[in-house]
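J.: Turn these sequences into a full structure, and let the hints guide you.
Keeping their order, the protein sequence lines are chains A and B.
Number 17 in the numbering used here belongs to position 17 of the first sequence; there are no gaps in the numbering.
Number 209 in the numbering used here belongs to position 41 of the second sequence; there are no gaps in the numbering.
Be aware that one or more of the hints could be misleading.
[Stated by the list, open to error] Cβ-to-Cβ under 8 Å is the rule here; a few derived chain B residues that face chain A: (1) GLY178; (2) ALA180; (3) THR200; (4) VAL338.
[Unchecked claim] Computed beta-carbon distance windows for the label pairs: (5) A:ASP132 / B:ASP299: 18 to 28 Å; (6) B:ASP290 / A:ARG3: 36 to 46 Å; (7) B:ARG270 / A:SER129: 44 to 54 Å.
Rather than coming from a laboratory, the hints here were simulated on the basis of the structure.
Ideal Cβ placement from N, Cα and C applies to all residues, glycine included.
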Amino acid sequence: MTRNDAEEFAEFVRTTGPRLHRSALLLTGDHHLTEDLTQATYARVYASWRRVSRADDPLAYARRTLLNTYLSHRRLRRNSELPADPTLGPEPAAPEDDHTTRLDLLDALATLPPHDRAVLVLRYWEDRSVADTAHDLGITESAVRTRSRRALQRLRPLLAADLIERTT
Amino acid sequence: MTHDDPTELGTALRDRVRDEDPDLDQLIRVSTRTGTRMRRRRTAAAGLGCVVAGVAVVGILGSSLGGSDDTTGTDPGVATQPTPTASATPPPPDVVQPTAQRLPVTVVLGALPDWEVGTAADDKFPVSKGDSFLTVVTRPMSEYDSWSGDDPDHPSDQVVHVGANYFVTVQPADDVPLDVLHELLDALRYETRWKK
Chain A
1 MTRNDAEEFA EFVRTTGPRL HRSALLLTGD HHLTEDLTQA TYARVYASWR
51 RVSRADDPLA YARRTLLNTY LSHRRLRRNS ELPADPTLGP EPAAPEDDHT
101 TRLDLLDALA TLPPHDRAVL VLRYWEDRSV ADTAHDLGIT ESAVRTRSRR
151 ALQRLRPLLA ADLIERTT
Chain B
169 MTHDDPTELG TALRDRVRDE DPDLDQLIRV STRTGTRMRR RRTAAAGLGC
219 VVAGVAVVGI LGSSLGGSDD TTGTDPGVAT QPTPTASATP PPPDVVQPTA
269 QRLPVTVVLG ALPDWEVGTA ADDKFPVSKG DSFLTVVTRP MSEYDSWSGD
319 DPDHPSDQVV HVGANYFVTV QPADDVPLDV LHELLDALRY ETRWKK
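T.: Next comes the structure, spelled out in structure tokens:
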């Protein structure tokens with residue numbers, strides 16, 4: 001790694017860091033985990049920086065690394081197998097609509113399964129298309145739509161009233 | 169709120185994290201240091217990868233992997249470990265014999281059409297796709313603590329599964345794309361216990 005490479009990498013982090021950091025926060029819902037996830041992501045990017053820097057879209061690579069790191073970490077922590085197709089898993093029961101226990105948006109997102117959360121973050125924070133989201137997560141477009149719809153249904157009763165008012 | 173109304177949720181998400189900023193100097197410092205360690209490990213692993221790949225080629229050539237249409241008596245598309253008597257008959261096309269002893273980790277070959285799974289010794293077996301070489305290693309739980317900390321020689325991010333009495337690491341050689349790594353991870357299946 002040359003000095004120029006290191007400087008290029010540092011500039012890349014300064015340019016993209018805030019965006020990926022916020023994506024990580026929406027995924028993890030926790031500031032410490034966000035810091036760990038963002039650092040792990042950029043460490044992997046740095047380890048392959050010569051190749052990444054020549055890519056058409058280094059940010060896309062970093063975003064996918066962030067997602068993969070996040071989902072892999074979740075998989076490891078869960079300490080059990082995923083279903084072969086996550087979309088085949090049982091549909092989680094929707095939480096009861098208890099208006100006395102509204103949650104912050106991050107807390108509400110944290111109640112979702114990791115893949116559902118990733119779908120929402122990609123679709124509505126990153127403004128990725130259904131096709132791009134499917135590609136990024138390695139699932140079908142149909143699964144993206146299903147997960148997105150299910151996640152939004154689960155979020156509705158959990159979100160603060162002002163958001164409910166804005167989004168209904 | 170509906171899934172057809174992305175603008176409102178997008179706005180809410182942006183509002184929520186607008187003021188969240190990382191410490192960029194620390195992020196650069198830590199990721200550079202950690203990334204440098206990762207690259208050194210990969211370089212070291214590349215040497216091992218070449219050796220293992222050579223073993224894999226010999227193993228593949230020496231077996232009938234992909235050389236038969238016989239699928240009798242196996243679960244198609246799923247790699248299984250051989251019994252001591254299995255060598256008497258040619259293995260079916262999608263069945264791999266990763267090691268000489270029974271391991272609790274298998275590979276769904278149907279999910280990896282462009283991959284090769286080689287034969288190796290002891291508790292590890294090599295897999296490869298094109299120029300990407302990785303090694304899947306089954307380890308006893310007694311070693312787990314050393315893989316759970318910050319030991320650069322035992323990176324915790326290589327631990328991909330924890331079973332009842334074992335865990336599995338996947339060690340990529342130099343410059344294995346993350347997409348390739350995760351393609352493999354999705355095709356691995358695990359038993360609850362390692363029955364040695």
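J.: At the C-beta level, are ASP290 of chain B and ARG3 of chain A separated by a distance inside 36 to 46 Å?
T.: Given range 36 to 46 Å: holds, Cβ gap about 42 Å.
J.: Holds or violated: ALA180 of chain B as interface residue toward chain A, Cβ cutoff 8 Å?
T.: Status holds, d = 5 Å.
J.: With respect to the beta-carbon atoms only, verify the hint that ARG270 of chain B and SER129 of chain A lie 44 to 54 Å apart.
T.: holds (46 Å)
J.: Per the CB criterion, is VAL338 of chain B less than 8 Å away from chain A?
T.: violated (10 Å)
J.: So, GLY178 of chain B near chain A? Judge it on the closest CB pair being under 8 Å.
T.: holds (4 Å)
J.: Cβ-Cβ distance between ASP132 of chain A and ASP299 of chain B: within 18 to 28 Å?
T.: About 27 Å separates the Cβ atoms of ASP132 of chain A and ASP299 of chain B, which means 18 to 28 Å holds.
J.: Hint check: is the beta carbon of THR200 of chain B less than 8 Å from a beta carbon of chain A?
T.: holds (6 Å)
The structure fails hint 4 only (numbered hints given earlier).
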